[in-house]
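Here the structure of chain A is known, so what remains is to put chain B in place on it, guided by the hints.
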Amino acid sequence: MNLLDTYLPALNPLWGPRLCGVVERVTSLTPTSAAISVRPGRGWAGHRAGQFVTLGVDVDGVRHHRCYSITSSETDLSDRIEIAVAAVPGGLVSNHLVHCTRPGDLVRLDGPSGGFTMAGSSRDPLLFVTGGSGITPVMAMLRTLGDGHRSTFPAGPSDVVLIHHAPDPVSTMFSDELERLAERHRWLRVEVVHTGDLNDDAGSRHLSASRLVDLCPDWAVRQAFVCGPESLLDFAVEHWASTGVGERLHLERFRPASALLTDESGGPATIRFATSGIDAAAGSGPTLLDVAEAAGVPAPSGCRMGICHTCTTRLDTGCARDLRDGRVIDAGSHVQLCVSVAVGDVTLDR
Amino acid sequence: MTAVQTARFAESDPDEQTLDDPDTFGAELDALRAEVLASLGAQDAAYIRDLIVRQRRFDLAGRAFLWAGLFPPAWVIGTGLLSVAKILENMEIGHNVMHAQWDWMRDPEIHSTTWEWDNVCPSSQWKHTHNHMHHQWTNVRGMDRDIGYGIMRIDPEQPWQRWMLGQPVYFVALALAFEYGVGFHDVESDLGSGQPISWEQVGPKIRETAAKIRTQVMKDYVAFPALSVPFGVPGVLAAASGTLTANVVRNLWSFAVIFCGHFPDDVELFDPEDVAGETRSQWYRRQALGSANFEGGPLMHLMTGNLDFQIEHHLFPDVPSNRYAEMAPRVRQICERHGVGYHTGSFLGQFGSVVRKVIRLSVPGRKRTRAVRGARSDQSARRTPRA
Chain A
1 MNLLDTYLPA LNPLWGPRLC GVVERVTSLT PTSAAISVRP GRGWAGHRAG QFVTLGVDVD
61 GVRHHRCYSI TSSETDLSDR IEIAVAAVPG GLVSNHLVHC TRPGDLVRLD GPSGGFTMAG
121 SSRDPLLFVT GGSGITPVMA MLRTLGDGHR STFPAGPSDV VLIHHAPDPV STMFSDELER
181 LAERHRWLRV EVVHTGDLND DAGSRHLSAS RLVDLCPDWA VRQAFVCGPE SLLDFAVEHW
241 ASTGVGERLH LERFRPASAL LTDESGGPAT IRFATSGIDA AAGSGPTLLD VAEAAGVPAP
301 SGCRMGICHT CTTRLDTGCA RDLRDGRVID AGSHVQLCVS VAVGDVTLDR
Chain B
1 MTAVQTARFA ESDPDEQTLD DPDTFGAELD ALRAEVLASL GAQDAAYIRD LIVRQRRFDL
61 AGRAFLWAGL FPPAWVIGTG LLSVAKILEN MEIGHNVMHA QWDWMRDPEI HSTTWEWDNV
121 CPSSQWKHTH NHMHHQWTNV RGMDRDIGYG IMRIDPEQPW QRWMLGQPVY FVALALAFEY
181 GVGFHDVESD LGSGQPISWE QVGPKIRETA AKIRTQVMKD YVAFPALSVP FGVPGVLAAA
241 SGTLTANVVR NLWSFAVIFC GHFPDDVELF DPEDVAGETR SQWYRRQALG SANFEGGPLM
301 HLMTGNLDFQ IEHHLFPDVP SNRYAEMAPR VRQICERHGV GYHTGSFLGQ FGSVVRKVIR
361 LSVPGRKRTR AVRGARSDQS ARRTPRA
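Protein chains in written order, with the numbering used here: chain A, 1 to 350; chain B, 1 to 387.
Only chain B is shown next, with the shape it has when bound in the complex:
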C-alpha cells in the first residue's frame, strides 16, 4: 500500500513522497480500485465482447428496417433500433473503451489506442479534451473546458455578458447537435485558452474533424440510404431521415446524461489555486465533489454507459464500467466516513436543476447561487491542511 501511495503522490509533490499522508481517503479508494482490477476476468471480457456483438446487430437491424423506411412501421422500428445502437456504441462501449477501461484484455480491437467511435468527433481529439483536460482538471475554472463548453455560463462566478441572454437557446441547439459540439470542442478549447493560437495548431484538428464528418456522412446519409434506391427517392429520403433522427436521439440523450454529471446545483467548482500541489487524496476529493450521480436500474446503467455512476467514473475512469454498480455503495461509505459529499438524485431532478441553472445564469447576478457558494466554503473547511 505504501508503494502505491508513494507512486501516486510523487506526481503532485516529489518532496512529499516519503511522508505519511494522514489523509487515508486516497489510500482507501486506491485499495478499492486495486481490488476490483485484480478481480477482472473472463466474465468481464465476455460482457464487453457480447455487448459489442449485440450493439452491431442492433445497428445492422436498424439499418435493415430503415432500408424499407418508406413504410412507417419499418421507419419507426428501424429508427428506434439504430438510436439504441448509437447510444450503446458511444456511451457504454466507445466512451469507456477510449478511457482504457478494457485495455487490460490486451485485445488490439477493443483498445483505447485503436477504437474509433460512431461519432463525428475523432477519437484522438476526444481523448485529449475528455480523458486529459476534463478528467484530470474536473471542474477547475479555466482548466476544464467542459464547464459550459465555452458557450454557456454554468458557473455563477463567471462574469455575465450580454450574449449569455441567449443561452437557453444555445442549450437546446447544443443538445440537438451535440456530436458536432464535441467534434469541434478540442479546437474551441485551443481558441478559448487565452494563449496565442497558430493555424499550425488548430488546422490539422479542423481537417481531422472534417474528415471524420465526411466519413460519418458518407456512411449514414449516402451509403446506407443508397441501398433504398429500389424504393425511389422517397425511400432514400426515409432511410436518411431515420438515420438523422437516430443521430439526434443519441445527441439528446448523451447531452442530458453528461450535463447531469457535473452541472447540477450542488456540484462544486474549483479555482486553479485550489489544485496547485494537490495530493492524491485531494484529487479524489475534488473528483467526488465535482461529480453527481443519478439513480436508476440496470437498463439505466447500460443506456448511460454507467455514467449514472459519474462519481465512480471520475474516481476510477479506467476501471471497467460494468463494475461501477458494485463499487458505488462502498465509495459512498468511504465518502461518508471522510465527510466528503456524495451527490445523487433522480435523473429528472438532476436534469431539472441543470435546466434551471442555465436559465437563471443567462441573466446577470450571482447572489442567488447560494448552493454553490456554500459548498465551496464547506469544501475549503474540509480540506486537509498541507504540511
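Extracted from the complex, chain A is given alone in its bound form:
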C-alpha cells in the first residue's frame, strides 16, 4: 500500500519500496581493491554464484549505477552479500567504493542478474580462467563449491582448476584465501600467473595455447568459465572454438563504463525513441525536442527554454549535452529535451 511506502522508509531506510542495502564492512583486499559486505533489505531473493548485482551508489550526491559480481557463496547463511571492487584509474564509482565507502552507507540494489553460473555443470570437471577483477564471480563459485557441494562433488585432486592472472602478488585480489582454499580442498588446484614476471611480448601477457596446456593438460574436456580483460576473452573464444569445444566455454564480459561512452566525433547519430519505436537522425533539428517533434514522436513540452521541465525524459542509452552549460548527461539520467542535443547515438524513453 502506498501509505506504507511513504512512512516505512522514514523509520528504517531498508523498508522502502525499492531494494536497498546497508554496507556492513569494507575490507581492503589490495591497495586498490576492497571487499564490501552489504546487508540487503526486504525483497532480496538470493543469488546464484557467478551472478552480479547492479549497485546504485551516491557520489557527491549524484546516483550512479554499476554492476559488480557477488563474491559471497550462494549458500552463505549470514543474510549478507559481498562484492569486490577494484578501483579503475579515474573511475568515479569504483574509487568511491574502494576508498570512501563506510559501514552504514546505503546502496541501491538491483538484481541479481546474469547467466554466468555453474547451473547444471558443477558435477563436471571445471576450469576457471580469470584475470584481474575477473576473479570476483569465480570467487563466489569456489566458495559455493567449498561450502556445501563437497559431498556431492566427485573426489579427485584436480577436478577444479583455477588459472588466475594478476600483475604481481601485491595486486592479486583474494590471494590469501585462494591459497587457503587450495590447501583445504583436495579437489581444487590454483595456479596464479603473475603477468608482471612474464617475459612474453605484450600480445600474450594473458593466456597462450601452450601455457594453457602446461597448466591444465585436460582443459578441453572441462566446463570452462572465463572472466577477465577483453584480450583474455577474445583468446578464449577463438581458441575454444577452433578446438571444437566452444560449447564448454562460459564467458562473463566486464566493460568499464568509460568504454561505453559514445565517441563524440562519430558520424551522423541516430536518436531512438524507445516507446514510440521511431528512429530519427540527430541532424533533423537543433535540439532533441525539435528532433522528436519533426519525427512525430509524442513529446509534451512547455517553455522550450529549460525552465518548466515538462519535456524531461529518461535517457536510456548514450549521452546528451545540455546546451546551456555544456554538461554531458549519461544514460540512466533524465534530459530536458528542449535544451539538449545528442552526443552520438542515444535512446530516449519516449
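Derived from the structure by calculation, the hints contain no laboratory data.
By construction, the Cβ of each residue, glycine as well, lies at the ideal position given by its N, Cα and C atoms.
Some hints could be false.
Unchecked claim - On the chain A side, residues computed to face chain B include the following (Cβ under 10 Å): (1) His-65; (2) Arg-314; (3) Thr-317; (4) Gln-336.
As the list claims (entries may be wrong) - Some, not all, of what chain B presents toward chain A, calculated at C-beta under 10 Å: (5) Leu-37; (6) Gln-43; (7) Asp-44; (8) Val-53; (9) Asp-59; (10) His-111; (11) Asp-118; (12) Lys-127; (13) His-132; (14) Asp-190; (15) Leu-191; (16) Ser-193; (17) Gly-194; (18) Ala-223; (19) Phe-224; (20) Arg-330.
As the list claims (entries may be wrong) - Sample of chain A residues with no beta-carbon within 12 Å of chain B, all distances over it, derived: (21) Ser-37; (22) Ala-182; (23) Leu-249; (24) Ala-269.
For chain B alone, coordinates are given in the frame of chain A:
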C-alpha cells in the same frame, strides 16, 4: 559563456543567436546559476534526504497524537505536528522537487517526474499551470493564470465587474480551501483561456483531480481516523477534525506566502506585447520585477519552502532552494548594478499590501493604482532597445 548565451537566446529569437547581446544582466545571472549548480554535492543531497525523513516522522508523530485526539493536549500537539509536516511537504519538499530542483541527484524517488505531493492537486496538473504557465509567463496578463487566479481582480487594468465587489470574501474562502483552488486551477485555466473548450480536454483533468481528492480524503479522513475507533465516535471525530485543521493551517500559510510573492503593490505586471521576442536578459528582468521577497531567518526560509526568496526562485526555479539564501545578496547586487528593481519587505508589510489591494480593487476605478502604473513606465524606460 558565449555558448550558454547562444543556447538560451536561440529560444526567443533564432536570428539573434550569433549577435552579442550588449545586456549582460542575463549572462551574469546565468554564470551565478552555473556556479551554484557546479557546487552541488553530498551536503545538498543530505539536506533534502534528511528533511524528507524528518517531515515523514513529523507527519507520523502528528497522526499518532491525533489517534488519541480525544484528549485535548494530544489533539493540540498532533494538529500542530501534522500542520508543520504538511507545510514542509508541500512547500520546501513537494513544490521544489516538482520544479526539478533535485533531479540532479538522479534518485528516482526524489524526482520531478515521480513526486506526488500531499495535496489534492495532482502533481501533473500543478507542473503544467505552475512550472510552465506561471513560471514562464510570470505576471503577463492573459498568459499567467496565477494573476488573481481567475476569481479576483489583482490588476487595476482589469475592467471592474460587479461580482468583484465580493472579492474580499473570495480571498478568505480561497485561503481556507487553497488546495482545492489549486486542484482545479488547471481546469479553470482552460475554461478562462478564451479558447473553445471540449470535454475531451477538461474531462480527464477533472477526473484526475477527483481521484486525487478521493485518495487524500481516504487517507486523512477515513484510514487514519478509523484507527481511533477504540475511543468511540468522539475519538474518530477528534482525529478527523485535527487533520482537517492541519490541512486548513497549511492552506492559510501557503496561500499567504504565495500571495506575497507576486501581488504586493510594487510588483509589476506585463502585457503580451512586452514579452514578444523577449531575450534571455529581458526574461530575467521580468522575473525579477514581477516577484517580491520578504525577510526572515532560517526558520522562515524552511517553512516557506524558501519562497521568501521569491525573486531568486523565479530567476532560478530549478536551483535547489537551500541555496537561495546564499545567492540572494549576489542577485541583489547584480540587479542594482543593472538598475533592475529588487522588491523586498517584511512578511506582514507585504501581506498587508496584498490585502489592501484586494479590498481596493473590489470597487471600480484605476486612478489610485499609482504604484503599479509608475513601475510600468519605469520598466519600459529600462528595457534594452532591441536590434
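We went through each hint and held it up to the structure:
Given hint, His-65/A at the interface with chain B, holds; its Cβ is 9 Å from that chain's nearest Cβ, closer than 10 Å. The beta carbon of Arg-314/A comes within 8 Å of a beta carbon in chain B, closer than 10 Å, and the hint placing it at the interface holds. A distance limit of 10 Å between C-beta atoms decides the matter here; for Thr-317/A the minimum to chain B is near 15 Å, and the interface restraint is violated. Here the hint on Gln-336/A is kept, as its CB sits about 8 Å from the closest CB of chain B, short of 10 Å.
Because the smallest distance between the Cβ of Leu-37/B and any Cβ of chain A comes to about 7 Å, under 10 Å, the interface hint for this residue holds. The beta carbon of Gln-43/B is positioned within 10 Å of a beta carbon in chain A (closest approach about 8 Å), and the interface hint is therefore held. The interface hint given for Asp-44/B is met, as the beta carbon of that residue sits about 6 Å from the closest beta carbon of chain A, less than 10 Å. Satisfaction of the interface hint for Val-53/B is found here, the shortest Cβ-Cβ separation to chain A being roughly 5 Å, below the 10 Å cut-off.
Against a cut-off of 10 Å between C-beta atoms, the interface hint on Asp-59/B holds, since the closest Cβ of chain A lies about 7 Å away. Below 10 Å, beta-carbon pairs count as interface contacts, and His-111/B has one with chain A at about 7 Å; its hint therefore holds. Proximity of Asp-118/B to chain A holds as hinted, the smallest CB-CB distance being about 9 Å (cut-off 10 Å). At a threshold of 10 Å, the smallest CB-CB gap from Lys-127/B to chain A is about 7 Å, leaving the interface hint in force.
Look at His-132/B: its Cβ gets to within about 4 Å of chain A, closer than 10 Å, so that hint holds up. Interface restraint check for Asp-190/B: the shortest CB-CB distance to chain A comes to about 15 Å, outside 10 Å, so the restraint is violated. Using the Cβ-Cβ criterion of 10 Å, the hint placing Leu-191/B at the interface with chain A is not satisfied: the shortest such distance is roughly 20 Å. This hint is violated: Ser-193/B has a C-beta 15 Å from the nearest C-beta of chain A, more than the 10 Å allowed.
The interface hint given for Gly-194/B is violated, since its Cβ lies 19 Å from the closest Cβ of chain A, which is over the 10 Å cut-off. Interface hint status for Ala-223/B: upheld, as the beta-carbon distance to the closest one in chain A is roughly 7 Å, under 10 Å. Nearest Cβ of chain A to the Cβ of Phe-224/B: about 9 Å, under the 10 Å cut. The hint holds. The criterion of a C-beta within 10 Å of any C-beta in chain A is not met by Arg-330/B, whose closest approach is roughly 18 Å, and the hint is violated.
Separation of Ser-37/A from chain B is adequate, the least Cβ-Cβ distance of about 23 Å exceeding the 12 Å criterion. Interface exclusion of Ala-182/A from chain B stands, the closest Cβ pair being 42 Å apart, more than 12 Å. Annotated as non-interface, Leu-249/A keeps its C-beta farther than 12 Å from every C-beta of chain B; the closest such distance is 37 Å. The Cβ of Ala-269/A lies farther than 12 Å from every Cβ of chain B, with a closest approach of about 18 Å, so its non-interface assignment holds.
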